[in-house]
Amino acid sequence: MTSIERRAFVKGATLGALAFTVGGAEVLLTPGEARAQAVPLRALTAEQAQTLEALGETLVPGARQAGITNFVDLQISIPPEQALLEARIVNIRPPYANFYRAALGAVDKASQALNSGRGFAQLDAAGQRDFVDAMRQNKVQGWQGPAGPFVYFILRSDAVDVVYGTMDGYKALGIPYMPHIPPVQRW
Amino acid sequence: MARKEKADVVIVGAGASGSVYAAVLAKTGKKVVVLEQGPDWKLTDLISSDFWGRRIKTAGAPFLLEGKNPYGYSYQSGWGVGGAALHYFANFPRLLENDFKIKSEHNRALDWPIAYRDVAPFYDKVASDVGVSGSAKAEEIWRPRGRPYPMPPMKTFRNGDVWLKGCESAGIRMVPAAVGMNSIPYKGRPACIYDGWCHVGCPIGALANPLVTYLADAKKAGATVRARSTVTRVLTNAKGDKVIGVEYYDAKGEQQVLEAKAVVLAAWSAQNPRLMLNSSTDKHPKGLANASGLLGKYMMAHFASGTWALFDDDVQNHMGTTGAQYMSYDRYGKTSHKGTFGSTYIVAGTALKTSDLGGFANARPDLFGADLQAFMKRAARGLTRLTAFGEEMPNIENRVELASDKDEFGMPLGKIVHSFDQDAVALWNANFEEGLAVAKATGAKEVWSGRGNMPTIHLMGGTIMGTAGDNSVVNSYGQTHEISNLHVAGPGIFPTSGASNPTFTIFALSLRGAEQLAAKWNTVAG
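Which chain is which? The protein sequence lines are A and B, in order.
Read the first sequence against the numbering used here and you will find it ends at 187, with the numbers running on by one and no gaps.
Read the second sequence against the numbering used here and you will find it ends at 526, with the numbers running on by one and no gaps.
Simulated from the structure, these hints should not be mistaken for lab results.
Ideal placement from N, C-alpha and C gives every residue a C-beta, glycine not left out.
Any given hint could turn out to be false.
Looking from chain A toward chain B, a few residues come up when the C-beta cut is under 8 Å (computed) [said to hold, decoys possible]:
no.: 1; residue: R93
no.: 2; residue: R129
no.: 3; residue: I175
no.: 4; residue: I181
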């Protein structure tokens, strides 16, 4: 049996997918598709979502369109055992929503204190970059919440996941994905 | 109301060590029940994706983490049937002779109660059972001769080959890595196709995970594997000298009692002592088999010094396996690096993915925005890594104990306290220094050390073996000194950790322990 045949042998035997709720029904979508269809958020507030989207885009260009907010929102609203977040493998204690709410709150609170009341999403691109660079180095004055470098690490990982961790992300980088069992919906 | 059921032996945990015990004992006709707290994974669940691969990492009651270097348990541990061996890299190096007698030779750490020669025949048996690819002859420059491996070495790719020149310049001899994977079809399982998804589970069975090796053998011989079954206590008789079964919660959340003539705890280094501590009685007030006070003590981890090299040309870094193509024991002597103590095991050549802890993006965790974007494009074809694993010496302060918080079944959570000492830090630094020198000699465009928080890899100790009940929890077979029909299996019984990946040794020691339990069944459990 050749390599390609072996891959074909197991192809399609997939389990699970990202099931977003649209109009009361569960449909399989990529987070980017969920964002494009304005799928309602389950766990994040509009303000938290705005902050996360701006942070994601600052960390990894393309994360906004790839649906980082819909991805994180879905993952923190399902049982921790089903979550696909990197938070799961770096000792963050469930429920993961607690971490994200604390992290996003810390970012906005610090941003407002340092920028005349403007939250992170209201900063210009240069201001956002400077803030993230300071957060990465634990140098944000008055920071209160989970350690800044850890928040940077986790949110950056989420942004990397949605932009580069998908089959489309591999394709964009020119890397063969070569799955034994491909994820549903190129995800 | 708990219903009582009877088995000959109950095994707690369906990972590497539990599966070996299950296979050996089921083949002798014993009624074997394996209780596993996580789900019942099938090969078809192992989706090739870093996202989906996180489902086979731990999701049970969390361990609380303390110390200067909190242990990274959620990345290392397993969740469900197959355990951590469902997502391990299947590097199959072995311990060497010097690992077994550190106390005797250096007056430090601990001696094992056995020598390399006692384990060697079981390495050979396991290699034959599960399939190992490599060159025994090549690695016998560092160890006594044994049986040849059943399969030739795996293919290599440029991401491994590019390191050879640099290693040679440093006097580091690299040989084909011994791996628990099929370089050719073996025992009805196909050969590896080198697509680098080992770390999220190999669904074709080319990698020797328990589902396609010992656990499959166990089921074929009649063993029952019961998923979603969380053991909370090991039960003992009134006299306290025998175990009589376990108490557990089934998939419906109902409490059950499973009576057995012998119990094997194979639930991983941290969970085994948690269970034993939670099973205290008036005869065992400090926890089962803990008269020594050493239950949960001497937890150990490996640490890695990763060195990155970025080439302008294509090093085929999407090809290969998550484990290693080349390995070396040339720094395995305990005093190989001046001013440090402990062994180093070096590997090169690994398939890389984009995300997750070991992916491209985390090779430069300082980069974000446009800088990260540019780096990812260059890394996509040119990035490769050399890794040196270091040995942590046993320290009694590194421990598992019960916390006051409880899980959903009312069982106290476990707490892992872990800090590296100065010897470990010095060895970590020395390995970075040498890795950088090696990388510079490869001719790569850019080289750098992958420094960050000092990583904790693998988990060993907590139920260490020794010569007697005053210096250890179990004997060399994993049998507890105080309760003859209670065995502990897995890396928890290592009294020192070596520097090499532990699973080959876990399989070998489990096979040794299981065969002993089967041979002595009538006196121990009959």
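Results of checking the hints against the structure:
no., hint, result
1, R93, "5 Å, holds"
2, R129, "6 Å, holds"
3, I175, "5 Å, holds"
4, I181, "5 Å, holds"
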